[in-house]
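*Asks:* Below are the chains, spelled out letter by letter.
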Amino acid sequence: KAGVTQTPRYLIKTRGQQVTLSCSPISGHRSVSWYQQTPGQGLQFLFEYFSETQRNKGNFPGRFSGRQFSNSRSEMNVSTLELGDSALYLCASSNSVNREQYFGPGTRLTVT
Amino acid sequence: GESVGLHLPTLSVQEGDNSIINCAYSNSASDYFIWYKQESGKGPQFIIDIRSNMDKRQGQRVTVLLNKTVKHLSLQIAATQPGDSAVYFCAEKLTGNQFYFGTGTSLTVIP
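Chains as they are written, first to last, in the numbering used here: chain A, 18 to 129; chain B, 141 to 251.
Just so you know, these hints were derived from the structure itself, not from any lab.
One or more hints might be untrue.
Claimed, not checked - Distance condition first, Cα-Cα at most 20 Å in a straight line; then the derived SDA-like pairs of lysine to any residue:
(1) A/Lys30 x A/Ser103
(2) B/Lys182 x A/Leu105
(3) B/Lys196 x B/Asn162
(4) B/Lys208 x A/Asn115
(5) A/Lys74 x B/Gln238
(6) B/Lys182 x A/Leu28
(7) A/Lys74 x B/Thr235
(8) A/Lys18 x B/Asn193
(9) B/Lys196 x B/Ala219
(10) B/Lys196 x A/Arg116
(11) B/Lys196 x B/Tyr172
(12) B/Lys211 x B/Asn193
(13) B/Lys182 x A/Gln71
(14) B/Lys182 x A/Asn115
(15) B/Lys182 x A/Ser103
(16) B/Lys211 x B/Ser192
(17) B/Lys182 x A/Gln58
Please read these numbers as outputs of a predicted model, since none were measured by experiment.
Kindly produce the complete structure, drawing on both the sequences and the hints.
*Replies:* And the structure:
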């Protein structure tokens with residue numbers, strides 16, 4: 018079974034631009050969660066989608082948004098990029114609550 | 141807010157020895173925990189999980205212990221190998237599939 022895939026793997030953007038990241042969960046998994054990882058803040062939860070609905074949201078500004086499609090694939094969008102948005106963005110999928118959650122390789126976003 | 145903290149940010153062990161990585165959590169209502177291993181340039185890799193109705197769970201060379209009385213988790217790695225060198229995170233489920241991650245412990249295995 019294929020793992021969680023994320024595209025693109027690397028991205029360089031300029032301040033003020035917006036970016037869309039994509040995540041394809043493991044086949045059969047309906048829950049997709051997004052995390053931001055930085056050296057200073059560690060792994061921080063952004064949001065979780067389940068069956069196309071946002072189920073949980075972390076403490077990030079409204080510039081960070083996401084969505085999930087009927088095939089469980091998910092996208093997250095960051096608008097008006099700031100230098101501090103430079104990070105590794107990770108998505109994880111699971112087929113239920115209290116079950117294993119598997120991460121993808123991440124998208125490394127650099128904002129200049 | 142909730143917090144999950146690791147007692148030791150770095151740990152060095154000799155190859156073949158056992159490793160113990162510790163983690164404290166603060167939400168006594170948390171009912172599910174996961175340990176992850178993250179190697180440089182990769183996403184976190186699922187190692188083992190444990191539900192709050194268990195005290196111990198064993199996998200291949202790894203054991204997780206859960207002490208709900210003192211809100212403490214530990215990951216034990218038996219016969220540590222160079223390939224075990226990585227950063228290890230404990231993750232505490234808050235709600236749904238929202239997890240709070242500890243700061244991580246860097247494990248270095250000395251050949």
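*Asks:* Each of the hints needs a verdict: does it hold here or not?
*Replies:* Okay, the hints, checked on the actual structure:
no.: 1; hint: A/Lys30 x A/Ser103; in the structure: holds, 9 Å
no.: 2; hint: B/Lys182 x A/Leu105; in the structure: holds, 10 Å
no.: 3; hint: B/Lys196 x B/Asn162; in the structure: holds, 14 Å
no.: 4; hint: B/Lys208 x A/Asn115; in the structure: holds, 17 Å
no.: 5; hint: A/Lys74 x B/Gln238; in the structure: holds, 8 Å
no.: 6; hint: B/Lys182 x A/Leu28; in the structure: holds, 16 Å
no.: 7; hint: A/Lys74 x B/Thr235; in the structure: holds, 10 Å
no.: 8; hint: A/Lys18 x B/Asn193; in the structure: violated, 30 Å
no.: 9; hint: B/Lys196 x B/Ala219; in the structure: holds, 19 Å
no.: 10; hint: B/Lys196 x A/Arg116; in the structure: holds, 17 Å
no.: 11; hint: B/Lys196 x B/Tyr172; in the structure: holds, 13 Å
no.: 12; hint: B/Lys211 x B/Asn193; in the structure: holds, 13 Å
no.: 13; hint: B/Lys182 x A/Gln71; in the structure: violated, 26 Å
no.: 14; hint: B/Lys182 x A/Asn115; in the structure: violated, 24 Å
no.: 15; hint: B/Lys182 x A/Ser103; in the structure: holds, 16 Å
no.: 16; hint: B/Lys211 x B/Ser192; in the structure: holds, 10 Å
no.: 17; hint: B/Lys182 x A/Gln58; in the structure: holds, 17 Å
Going through the hint list in order, the structure does not satisfy hints 8, 13, 14.
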